[in-house]
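**Q** Residue-level listing of the chains:
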Amino acid sequence: DQQVKQNSPSLSVQEGRISILNCDYTNSMFDYFLWYKKYPAEGPTFLISISSIKDKNEDGRFTVFLNKSAKHLSLHIVPSQPGDSAVYFCAAIYDYKLSFGAGTTVTVRA
Amino acid sequence: NAGVTQTPKFQVLKTGQSMTLQCAQDMNHEYMSWYRQDPGMGLRLIHYSVGAGITDQGEVPNGYNVSRSTTEDFPLRLLSAAPSQTSVYFCASRGGVAQPQHFGDGTRLSIL
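Chains A and B are the protein sequences, given in the same order.
Take the first sequence: its position 68, counted from the start at 1, is 68 in the numbering used here, and no numbers get skipped.
Take the second sequence: its position 78, counted from the start at 1, is 78 in the numbering used here, and no numbers get skipped.
Keep in mind the hints are simulated off the structure, nothing from the lab.
One or more of the hints may lead you astray.
Going by beta-carbon spacing under 8 Å, a handful of chain B positions derived as facing chain A [as the list claims (entries may be wrong)]: (1) Phe-10; (2) Gly-40; (3) Met-41; (4) Gly-42; (5) Leu-43; (6) Val-50; (7) Gly-51; (8) Ile-54; (9) Tyr-64; (10) Phe-90; (11) Val-97; (12) Ala-98; (13) Pro-100; (14) Gln-101; (15) Gly-104; (16) Asp-105.
Here are the simulated distance ranges between beta carbons [what the hints assert, rightly or not]: (17) A:Pro-82 / B:Met-19: 33 to 43 Å; (18) B:Asn-28 / A:Ile-20: 18 to 28 Å; (19) A:Met-29 / B:Ser-84: 24 to 34 Å.
No residue lacks a Cβ here, since even glycine has one placed at the ideal position from N, Cα and C.
Take the sequences, apply the hints, and build the full model.
**A** Below is the structure:
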């Protein structure tokens, strides 16, 4: 049973607009959340993270929001650029282990 | 600056064969993990290690063995390959529990 869920398998957005990726989780013991980006034929690369004691973390164009009561986090990318076209994975940590969502494929249109 | 290196990049096996997927990291990370990626399922944890000599099972460990004799290396062994093990395998390492993982570029494995 997946503890981290990304219910949107794909997202298409126009260049310059905002991309919003969503992630839900079921395990209230998760204490750290991360987003990874993956290009074809490469391993995932770390994008941004947030501790469970915070509700927002920002790094340049990327902002992650955490709503613990709803067990929900989201990643905002503003503005979206063509190089942002990739698969994005949400992940959560508890007890040394990382649990991943199924991923959301983002396509940025020119 | 190699990071996490996985070999081979591609492999085709016959059912019943065994093989070892190699993983090495040069960042002196204590934590290492193996994942498999299947369509629609994200990355699932196979086995992980929190230091040399210490390994534990993830969510899909059956059919796989690991060992961690050094900090740098964390090989994954398929004991008797089955078609259900056709997947892309990723090795990862990180320096601490809450530190981001560094991934290798993956091994694409096909079992016929």
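**Q** Should the hint that Gln-101 (chain B) touches chain A count as held when the rule is a Cβ pair under 8 Å?
**A** 7 Å, holds
**Q** Hint check: is the beta carbon of Gly-40 (chain B) less than 8 Å from a beta carbon of chain A?
**A** Result: holds, 6 Å to nearest chain A Cβ.
**Q** For the hint on Ile-54 (chain B), just tell me whether its beta-carbon gets within less than 8 Å of chain A.
**A** 10 Å, violated
**Q** Would the hint on Gly-104 (chain B) stand, with a C-beta cut-off of 8 Å toward chain A?
**A** 5 Å, holds
**Q** Mind checking the CB of Val-97 (chain B) against every CB in chain A and telling me if the closest is under 8 Å?
**A** 6 Å, holds
**Q** Any CB of chain A closer than 8 Å to the CB of Asp-105 (chain B)?
**A** With a closest approach of 5 Å, the Asp-105 (chain B) hint holds.
**Q** Quick check on Phe-10 (chain B) please, does its C-beta sit within 8 Å of some C-beta on chain A?
**A** 11 Å, violated
**Q** So the hint says 33 to 43 Å: do the beta-carbon atoms of Pro-82 (chain A) and Met-19 (chain B) match that?
**A** 39 Å, holds
**Q** Using Cβ atoms only, decide whether Pro-100 (chain B) comes closer than 8 Å to chain A, and label the hint accordingly.
**A** 4 Å, holds
**Q** Double-check Phe-90 (chain B) for me: the hint is only fine if its C-beta lies closer than 8 Å to a C-beta in chain A.
**A** Result: holds, 6 Å to nearest chain A Cβ.
**Q** Taking 8 Å as the limit, does the beta-carbon of Tyr-64 (chain B) come near enough to a beta-carbon in chain A?
**A** It is violated, given that the least Cβ distance between Tyr-64 (chain B) and chain A is near 16 Å, above 8 Å.
**Q** For the hint on Met-41 (chain B), does the least C-beta distance to chain A fall short of 8 Å?
**A** Hint holds; Met-41 (chain B) Cβ to chain A Cβ min 6 Å, cut 8 Å.
In summary, the structure is inconsistent with hints 1, 7, 8, 9 and 18 from the numbered list given earlier, while agreeing with the others.
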